[in-house]
Amino acid sequence: MSDIGNVIRGHKANLSNPNTSEQSKQHSLEVIEKELGTEANSGAGATAHNDDGKDPMRVAAGLKAALHNPNVSDEAKENVSHHLADITSPSQTETTSTSHAGDGKDPTRVAAGLKAALHNPNVSDDTKDHLKERLDDMN
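As numbered in our numbering, residues 84 to 222 make up the sequence shown, in order.
Treat the hints with care, since some could be wrong.
DEER-style ranges, computed between Cβ atoms [what the hints assert, rightly or not]: (1) Asp208 <-> Ser85: 53 to 61 Å; (2) Glu113 <-> Gly196: 51 to 59 Å; (3) Asp209 <-> Ser164: 28 to 36 Å; (4) Leu167 <-> Glu105: 40 to 48 Å; (5) Lys188 <-> Ser164: 27 to 35 Å.
The calculated BS3-like cross-link candidates involving lysine-lysine, where the alpha carbons are at most 30 Å apart (straight line), are [claimed, not checked]: (6) Lys211 <-> Lys147; (7) Lys137 <-> Lys117; (8) Lys188 <-> Lys198; (9) Lys188 <-> Lys215; (10) Lys198 <-> Lys211.
I should point out that these hints are in silico values taken from the structure, not numbers from a laboratory.
Cβ atoms here follow ideal geometry from the backbone N, Cα and C, with glycine treated the same way.
Based on the sequences and whatever the hints tell you, model everything.
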């Protein structure tokens, strides 16, 4: 079975193709309306975009990046910070502040990486002290 996103993209391309018939364009419009459950326009960008289906962690990461981007206006940064506060729950901030809690990483492999870095001659002594603290926190 074909991906519904590809089907919709194909029908949207048909709508903007000057070489297709009006009957074909009408069929494409009906298919798009049926699949999306909304009234479709024949122009580009007819579908509304929302956060459904997006990874909340990636959305939050994008918003945080916008906050630190010097090309983003202060007004936009204020809007982004409000949106970030709305989507970030206290449970998410707790898990991101703790070391590797709930991020999908195997604690054994994380500890192995920290131990390997402790034996790496290219790692500074200050960093090794920090790594030792992280290992102690994991135990």
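Practice problem: Against the earlier hints, flag every one the structure doesn't satisfy and list their numbers going up. | Solution: Of the numbered hints given earlier, the structure breaks none, since each of them holds.
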